[in-house]
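Model the full structure from these sequences, guided by the hints.
2 protein chains.
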Amino acid sequence: DFNIIFDSFIELLPAKNGEEPTMQFLLEVVEILTSYIKKTFDKSTKVLDFHYPHQLLEGIEGFSLELPDQPESLEQILVDCRDTLKYGVRTGHPRFFNQLSTGIDIVGLAGEWLTSTANTNMFTYEIAPVFVLMEQLTLKKMREIVGWPNGEGDGIFSPGGAISNMYSVMIARYKYFPEIKTKGMAAAPRLVLFTSELSHYSIKKASAALGFGTDNLILLNTDERGRVIPADLESKVTEGYVPVYVNATAGTTVFGAFDPINDIADICEKYNMWLHVDAAWGGGLLMSSKHRHKMSGIHRANSVTWNPHKMMGVPLQCSAILVRERGLLQGCNSMCAGYLFQPDKHYDVTYDTGDKAIQCGRHVDIFKFWLMWKAKGTVGFEQQIDKCLDLSAYLYSKIKNREGFQMPQHTNVCFWYLPLSLRHLPDGEEKRERLHKVAPKIKAMMMESGTTMVGYQPQGDQVNFFRMVISNPAATRSDIDFLVEEIERLGQDL
Amino acid sequence: DFNIIFDSFIELLPAKNGEEPTMQFLLEVVEILTSYIKKTFDKSTKVLDFHYPHQLLEGIEGFSLELPDQPESLEQILVDCRDTLKYGVRTGHPRFFNQLSTGIDIVGLAGEWLTSTANTNMFTYEIAPVFVLMEQLTLKKMREIVGWPNGEGDGIFSPGGAISNMYSVMIARYKYFPEIKTKGMAAAPRLVLFTSELSHYSIKKASAALGFGTDNLILLNTDERGRVIPADLESKVTEGYVPVYVNATAGTTVFGAFDPINDIADICEKYNMWLHVDAAWGGGLLMSSKHRHKMSGIHRANSVTWNPHKMMGVPLQCSAILVRERGLLQGCNSMCAGYLFQPDKHYDVTYDTGDKAIQCGRHVDIFKFWLMWKAKGTVGFEQQIDKCLDLSAYLYSKIKNREGFQMPQHTNVCFWYLPLSLRHLPDGEEKRERLHKVAPKIKAMMMESGTTMVGYQPQGDQVNFFRMVISNPAATRSDIDFLVEEIERLGQDL
Chain A
1 DFNIIFDSFI
11 ELLPAKNGEE
21 PTMQFLLEVV
31 EILTSYIKKT
41 FDKSTKVLDF
51 HYPHQLLEGI
61 EGFSLELPDQ
71 PESLEQILVD
81 CRDTLKYGVR
91 TGHPRFFNQL
101 STGIDIVGLA
111 GEWLTSTANT
121 NMFTYEIAPV
131 FVLMEQLTLK
141 KMREIVGWPN
151 GEGDGIFSPG
161 GAISNMYSVM
171 IARYKYFPEI
181 KTKGMAAAPR
191 LVLFTSELSH
201 YSIKKASAAL
211 GFGTDNLILL
221 NTDERGRVIP
231 ADLESKVTEG
241 YVPVYVNATA
251 GTTVFGAFDP
261 INDIADICEK
271 YNMWLHVDAA
281 WGGGLLMSSK
291 HRHKMSGIHR
301 ANSVTWNPHK
311 MMGVPLQCSA
321 ILVRERGLLQ
331 GCNSMCAGYL
341 FQPDKHYDVT
351 YDTGDKAIQC
361 GRHVDIFKFW
371 LMWKAKGTVG
381 FEQQIDKCLD
391 LSAYLYSKIK
401 NREGFQMPQH
411 TNVCFWYLPL
421 SLRHLPDGEE
431 KRERLHKVAP
441 KIKAMMMESG
451 TTMVGYQPQG
461 DQVNFFRMVI
471 SNPAATRSDI
481 DFLVEEIERL
491 GQDL
Chain B
1 DFNIIFDSFI
11 ELLPAKNGEE
21 PTMQFLLEVV
31 EILTSYIKKT
41 FDKSTKVLDF
51 HYPHQLLEGI
61 EGFSLELPDQ
71 PESLEQILVD
81 CRDTLKYGVR
91 TGHPRFFNQL
101 STGIDIVGLA
111 GEWLTSTANT
121 NMFTYEIAPV
131 FVLMEQLTLK
141 KMREIVGWPN
151 GEGDGIFSPG
161 GAISNMYSVM
171 IARYKYFPEI
181 KTKGMAAAPR
191 LVLFTSELSH
201 YSIKKASAAL
211 GFGTDNLILL
221 NTDERGRVIP
231 ADLESKVTEG
241 YVPVYVNATA
251 GTTVFGAFDP
261 INDIADICEK
271 YNMWLHVDAA
281 WGGGLLMSSK
291 HRHKMSGIHR
301 ANSVTWNPHK
311 MMGVPLQCSA
321 ILVRERGLLQ
331 GCNSMCAGYL
341 FQPDKHYDVT
351 YDTGDKAIQC
361 GRHVDIFKFW
371 LMWKAKGTVG
381 FEQQIDKCLD
391 LSAYLYSKIK
401 NREGFQMPQH
411 TNVCFWYLPL
421 SLRHLPDGEE
431 KRERLHKVAP
441 KIKAMMMESG
451 TTMVGYQPQG
461 DQVNFFRMVI
471 SNPAATRSDI
481 DFLVEEIERL
491 GQDL
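Protein chains in written order, with UniProt numbering: chain A, 1 to 494; chain B, 1 to 494.
Just so you know, these hints were derived from the structure itself, not from any lab. Fair warning: there could be bad hints in the mix.
Copies of the same chain look alike in the list, so a pair counts if it works inside one copy or between any two.
[What the hints assert, rightly or not] Okay, derived cross-link-like pairs now, DSS-like style, lysine-lysine, Cα gap no bigger than 25 Å in a straight line:
{"no.": "1", "residue 1": "Lys204", "residue 2": "Lys175"}
{"no.": "2", "residue 1": "Lys387", "residue 2": "Lys294"}
{"no.": "3", "residue 1": "Lys204", "residue 2": "Lys183"}
{"no.": "4", "residue 1": "Lys294", "residue 2": "Lys86"}
{"no.": "5", "residue 1": "Lys46", "residue 2": "Lys16"}
{"no.": "6", "residue 1": "Lys290", "residue 2": "Lys140"}
Below is the structure:
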C-alpha cells in the first residue's frame, strides 16, 4: 500500500487519515512563503545573498543540492524550502530591476497557487473546462484591445515570447505556402524574413529552427533611437527571393524602442508580406490611453506577441500569440490526432485547443492573469502601466544632466555611469575600453553587496551600459533614487 | 501612489502596511485550496461537476467569466477561486484515470507554490542560481539512470514532451547538417525521419514545424502488441533520401507499447542515424529495477525525452530532453545574444542556460521535482512506479476473462466493454459500428454523473476502446473495482 512507501510521506495525503499532517505541512510551507513575501517588500532586506556556483555545489551550512536515495524527513523538506529561498534572488523586491519581468502580484500569486493545485492541462475542454473558456474570453479581449474588429481572430497562450514569435513565423509560412507543412521547405522558393537589427533574438532562433536558415533573416537598419528605418525595409525587398514576413518590435529588449508600425504596414501591404508585431515587452502599453499611441498601427498587424508576464506584472509564464485571421493556427499545426482529440464527444469539441498548439499538454497560464484582471479591472492595469512609465520618466529626468551619467536611450532608460577617473578623459578608444568594464564591475559589486540589481549590456558600437526597466508596481521614486546613489557609491572610485 | 490604484488592492502588499490583509487573504486562499485537496482525496466527492460550455459562458449561480473594467472586491476574488475549482475537474481524484498525468503530490505541490512565489526564470545563474544548479544536478542523475557513462551529456527541461521531442529532431539535424542553421533546409538533400505509426503526434508536428514536411516522416509498421517492427525500418532505409533520425517510443500513448530499442539501435548504427527514445510516458520505469528491462537498450540512444510529470507524478509541467553528446544543444540553438548573455560577468557563465533553449525566458520546472526526490528518495520513486504497474496488472487480470470485456492491449490496459445487446452479435460491420459508439456514450454518462473518468479512442482499424492508465499513487484496487463496475452499471443496457 502507498502508506508504507516512504517514511516521511506516510503522514501526508493521500495516505489514510493524512489530512491533519498534510494541512499542517502545507501551512508550514505557506508560513515560509508569506514570511518570504513580507521580507521581500521590506527594503531593508537584501535583493540577493550572492554565492558562486562552487559554493552552492559544495553545500553551505548544511544545504545540500544532492538527490538522495533514501527519503528525507518532512522537517528537512521545510528546511530545504527555506534554504532555496535564502540563496535565491528576490525578483519581487522593489529594488530589483534586472529583468523585464519583476514583482510579486499577490492576487496573481494566489492564482498560481490555485493553478498548481488544480494541476490540469489546457488541451481539452473535458479536462480544463473553466480554464479553456477563460483563455478564450481573455484572448478575445486582448484582440479587441489590439484593435481588430469585434476582437475576431485566434490565439493561444504559449510558454513565452520566443515561442509566441516562433508561432508567428510558422503561421505566416503556412498562410503563403501551406504545402510546406507536408512537403517541407524544399517545396518553396527562397523565402526571407525581415526584422530589426535590434529585435529580440528569438526571431533568429525561429529562422534557424523552422528551416529558413539565419542567412535568410534580413536585418533592418535602425535610427538613432533604435527604431527600424522603413525605407531600409523597402530597399531590401528585392528580386532573388520571396519576402514573406516582417517583424516589427514594440518595445525592443535593450532600448525599449518602438518601430513605426504604420509605415511598416504600408510596405507589407504593398508587397503582400505578413506583419508580426513583437509586443512582448511593450504590449502592456495597449492598456494605457496615455501611452498606446506608441503602438499606433498595431491593428494592422497579422499577428501580435504580447506577454502579460512582463509589463503587466503577471507571474511567469504568461505569453500570448494573437492572430488576426481565424483558422490559420489550427491549419498550421493540426495533425488531427483522433486518439487525443476525439470528434465523437458529447460537447462542442471546437473548444478543444490541443491541435492548434505545437505542444500537446499545455500548462494553465491563464488563470492568474484572469484573476488579476478581475481584481484590478481594466482600469487597474492602466494605472499600473502608467505608474511604471512615470517612474521611467522620473529616472530619465533625474540623471539627464547629472554629473557622471550619459544616456544612449530613454524609453527603457539606458545609461552609462562614468567613474571620476573617466570623466575628463578625451573620447577615444582608451575611454571606450575602460568604460566597457565599468558596468560589469559595478554590477558585480552590486550583486555581492546584494542591495539592488540592474542589467547591463553592449549594443552595436556602444560599450556596456546599464538598462533600467520598471515593471514592478512595488517600486517607488525612493527606489529609483537608491539605485542611482548606489551606482555612484559603488562606482565613483573605479 | 500604488495605494490608490484599485480599491481592493489597497489592502494588499506592496501597498504600505499591507502585511496583515495580505497574509489573511493568502491564508484564505490556502484554506480554499486545502479544503479542495481534502475533498479530492475523499472518494465520495465527484470527480467533476460537468457543465456544457454555453452553461459556463452564460454564468452559473453568479459565476461570471467576463473580465471587468472596474476592480472586484477581494471577497469576490475568493468566491471566483472557489467557483473555478467547483466547475473544474479533480485530476488528483483517485478515480480520475483520463490522462497520463494525474494525482496531487503534496510535496510537489508545495514545491510549485514556492516556485510561483520565487517567480524567477531559468535563463541565467544570476537570476536563478539555486534552480539552475538543481536542474544541472537532476539532469545528470537522469542521464546516469538512462545509462550514459558517468551521466555525461547535456539536457534541458522544456514545456512538455512535444517540445522535448522537437528538440531531439532539431539536434539530430544539427549534428548531421549544421549548415542548415544558417542556410536553411534548402542547403540539405532530402532528409527523412522515421517513427512508429503508433507514436505520439508530436514527431509529426516537429516534422511540419521544422521544415522537413510530414511527407518526409516515414511511418513504421507495428506488430500485434503495438511495437515497431525493426525489419520494416531497415526495409525503408532506401536510396532517394538521406535517413537521419529514428524515434523509438517507450510507452506509446494509447497502448503503452515499448519499441525494441536494441534492435532499432543496431539499425541506427549501421546507417548512421540518430536514435531518439520518446520515453515521455515510459521514462518513469527507469526508476524500477523490476520494470526497466522494458527499455533495454535505451543507453544506446542519442537523446531521450522523459516527462516526470507523467508516470512519476510530478505536477505539470516537468519534461526533460536528455542528449548524450555535449555541445549539440548549445550549438544548435545558440545565437550568442551578448545583450542577454553577457560574457563579462563575475561568475562562471557556463551556468547560464539561456542560449541552449529555443525559449528565452523559461519557467522553473525543476524545483518541485527536486523537492519530491528529496522527500521520497530514489527508492520512493521506485515503489511508486511499482505500485502503479501493480494496479495495471490487477485490472488486467480482473477483466481478462470477465463477461462483456475484450482487450486489444494490456500495458496500458486497453479494453472494450460490450453491452448485453452486443455480446451475442456476430463479428462484422454492424457490431463494429455499434461498439464504436459505446465508449463515447459511457464516457459521456460517466462525466455527467461525475463519478470517474477514463479516456477512450480508436486506433488503426480498432473501433473506440477505453484506455486505462494509472499514474496516480492515490489510486487503489478498490478504485479499479469501482471503475469496472461503473462501466458495467452505465453501459450494460446500451
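Please write out, lowest number first, the hints stated earlier that are contradicted by the structure.
Number 4 - this is the single hint that the structure violates.
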